[in-house]
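Novice: Which chain is which? The protein sequence lines are V and Z, in order. Residues in the first sequence are numbered consecutively from 5, following the numbering used here. Residues in the second sequence are numbered consecutively from 441, following the numbering used here.
One thing to keep in mind: the hints can contain errors.
Unchecked claim - The list that follows gives simulated cross-link-like pairs (lysine to any residue, SDA-like), each with its CA atoms no further than 25 Å apart:
1) Z:446 with V:200
2) V:68 with V:9
3) V:147 with V:304
4) V:310 with Z:445
Stated by the list, open to error - Here are the in silico distance ranges between beta carbons for each label pair:
5) V:25 with Z:467: 29 to 35 Å
6) V:56 with Z:566: 26 to 32 Å
7) V:25 with Z:480: 47 to 53 Å
8) V:62 with Z:591: 29 to 35 Å
9) V:238 with Z:562: 40 to 46 Å
10) Z:480 with V:238: 33 to 39 Å
Keep in mind the hints are simulated off the structure, nothing from the lab. The beta-carbon is built from N, C-alpha and C at its ideal position, and this holds for glycine as well.
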Amino acid sequence: MISVVLVAAIKSVLVVVMVLAGFAYATLLERRLLARFQLRYGPNRVGPFGLLQPIADGIKLIFKESFMPATADRLVYWLAPAISMVAALFVYAVIPIGPEIRFFGTTVPLYIADVNVGILLVLGASSIGVYGVILGGWSSNNKYALLGCLRSSAQLISYELAIGLAVVSVVLTAGSLSLVDIVNAQQRLWFVALQPVGFLLFFIGALAETNRAPFDLPEAEQELIAGFHTEYGGFKFAMFYVGEYVGIITMSLLVTTLFLGGWHGPLLPGPHWVAIKTFAFVCLFIWIRATMPRVRHDQLMAFGWKVLVPLGLLNVVATAVIVALVGG
Amino acid sequence: MPGLFKQSVALLRGLLITGRYLFRPPVTILYPEVKTRVAPRFKGRHWLTRYGDGIERCVGCELCVIVCPAQAIYVRAAENTPERQVSKGERHADQFQINMLRCIFCGFCEEACPTGSIVLGQDYELAGYSRASLIYTKPMLTEPYPGASGRDPGREV
Numbered sequence: 005m006i007s008v009v010l011v012a013a014i015k016s017v018l019v020v021v022m023v024l025a026g027f028a029y030a031t032l033l034e035r036r037l038l039a040r041f042q043l044r045y046g047p048n049r050v051g052p053f054g055l056l057q058p059i060a061d062g063i064k065l066i067f068k069e070s071f072m073p074a075t076a077d078r079l080v081y082w083l084a085p086a087i088s089m090v091a092a093l094f095v096y097a098v099i100p101i102g103p104e105i106r107f108f109g110t111t112v113p114l115y116i117a118d119v120n121v122g123i124l125l126v127l128g129a130s131s132i133g134v135y136g137v138i139l140g141g142w143s144s145n146n147k148y149a150l151l152g153c154l155r156s157s158a159q160l161i162s163y164e165l166a167i168g169l170a171v172v173s174v175v176l177t178a179g180s181l182s183l184v185d186i187v188n189a190q191q192r193l194w195f196v197a198l199q200p201v202g203f204l205l206f207f208i209g210a211l212a213e214t215n216r217a218p219f220d221l222p223e224a225e226q227e228l229i230a231g232f233h234t235e236y237g238g239f240k241f242a243m244f245y246v247g248e249y250v251g252i253i254t255m256s257l258l259v260t261t262l263f264l265g266g267w268h269g270p271l272l273p274g275p276h277w278v279a280i281k282t283f284a285f286v287c288l289f290i291w292i293r294a295t296m297p298r299v300r301h302d303q304l305m306a307f308g309w310k311v312l313v314p315l316g317l318l319n320v321v322a323t324a325v326i327v328a329l330v331g332g
Numbered sequence: 441m442p443g444l445f446k447q448s449v450a451l452l453r454g455l456l457i458t459g460r461y462l463f464r465p466p467v468t469i470l471y472p473e474v475k476t477r478v479a480p481r482f483k484g485r486h487w488l489t490r491y492g493d494g495i496e497r498c499v500g501c502e503l504c505v506i507v508c509p510a511q512a513i514y515v516r517a518a519e520n521t522p523e524r525q526v527s528k529g530e531r532h533a534d535q536f537q538i539n540m541l542r543c544i545f546c547g548f549c550e551e552a553c554p555t556g557s558i559v560l561g562q563d564y565e566l567a568g569y570s571r572a573s574l575i576y577t578k579p580m581l582t583e584p585y586p587g588a589s590g591r592d593p594g595r596e597v
């Protein structure tokens with residue numbers, strides 16, 4: 005019993021450390037890659053190739069003044085960044101990064117928990133992340149922050165639906181809600197081939213869910229200064245940032261898990277494939293940010309409700325019919 | 441529907457364009473390591489030039505002091521004597537100071553100078569650690585040898 009708890013605890017610590025390191029270097033990757041898209045170099049002064057830049061940023065943010073607006077709602081103002089960060093990290097409890105491996109004579113699965121409704125847990129936890137955004141925007145008592153968080157909540161609710169519908173079609177195809185079972189079901193054929201529409205829906209939804217360009221309305225700099233985190237600075241700002249970038253990694257990992265066969269791939273061991281596919285998707289996120297202009301808010305809502313949701317519903321119905329005819 | 445298809449293709453073409461840019465070399469110049477040449481008429485730090493034979497051009501007329509919109513120049517003139525002929529006129533600059541913190545590098549002093557003595561050179565790295573170090577005095581401003589500023593010592597004004 006104790007050994008089970010111990011193994012789970014060690015794995016949790018490892019995952020949290022890995023995810024936070026991934027977050028730190030995702031910010032550097034984004035800045036360097038975005039710079040190269042714009043024919044610049046990006047941060048290249050701190051350490052070789054700027055590799056120590058995230059550490060310098062972190063130290064700087066910790067030692068910044070912890071400012072709070074006088075009219076802010078104290079408790080909620082302090083709580084919101086924590087919600088945002090914890091919800092983003094919590095998701096990693098159920099995302100598998102590899103099959104079971106032999107380790108000191110015991111089989112250790114490369115996931116913390118194989119929850120039988122894993123994908124629901126992921127969606128639920130990412131929805132809790134929205135509370136961080138909404139509460140942060142509301143409690144700072146600033147009109148830009150309020151507008152940003154209202155936009156954010158509207159956007160997240162409409163695009164969560166599209167993501168949910170895409171996930172339902174995957175779940176129907178795999179016949180399970182467990183992420184491990186979904187990956188195992190893709191042993192022969194990745195779901196991106198069986199569910200191309202679902203893949204597109206999920207990917208567009210993921211862009212909107214993580215507040216990335218072209219859907220970065222909640223923090224549209226030109227109109228809203230910084231959106232919901234206008235009044236946040238120092239480490240509280242960093243926590244929102246953790247939530248945001250961990251969200252990007254999460255969504256890339258989920259696309260990998262749900263549509264690109266997770267750890268399945270030739271030659272290399274499982275976790276390597278997960279890392280390669282996730283990295284490719286993070287780069288794709290940055291590539292899209294370097295290319296697309298921001299959409300207008302009514303366009304965003306219209307696209308979500310009039311295109312993505314009907315398309316997702318149709319996709320679910322079609323998948324259900326095919327699964328019933330073939331599998332039943 | 442055909443419109444939607446065309447728009448989707450447009451999105452992909454946009455991605456391809458930025459994708460091509462990813463593999464181009466950056467246009468940024470890595471400044472402290474790499475320096476570019478400034479334009480020939482760049483207005484940088486000042487020089488008090490000399491004639492080819494080493495005689496100073498400045499005759500201490502103080503026209504640059506009068507024209508300077510930032511009041512950055514201070515000149516104290518002194519008479520030339522037969523024993524000590526510093527410049528070609530009757531007088532020469534005994535003291536010549538330019539406050540680099542006040543100077544706006546407009547180049548009016550160069551335009552006003554009747555002998556073409558004061559010129560604005562090519563050097564632009566003028567930072568210093570104290571205010572006093574940024575008041576350039578006559579020994580700092582005068583060319584160490586004729587033509588050190590990059591201007592032809594034999595030019596006519």
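Novice: Confirm or reject each hint.
Specialist: Do the hints match the structure? See the list:
1. Z:446 with V:200: Holds, at about 19 Å.
2. V:68 with V:9: Violated: residue 68 of chain V and residue 9 of chain V sit about 38 Å apart, past 25 Å.
3. V:147 with V:304: With Cα atoms ~21 Å apart, residue 147 of chain V and residue 304 of chain V stay inside 25 Å; holds.
4. V:310 with Z:445: holds, 16 Å
5. V:25 with Z:467: 29 to 35 Å: holds, 32 Å
6. V:56 with Z:566: 26 to 32 Å: With Cβ atoms ~31 Å apart, the hint holds.
7. V:25 with Z:480: 47 to 53 Å: holds, 51 Å
8. V:62 with Z:591: 29 to 35 Å: violated, 52 Å
9. V:238 with Z:562: 40 to 46 Å: Roughly 44 Å apart at Cβ, these two residues keep to the hinted range, so it holds.
10. Z:480 with V:238: 33 to 39 Å: violated, 48 Å
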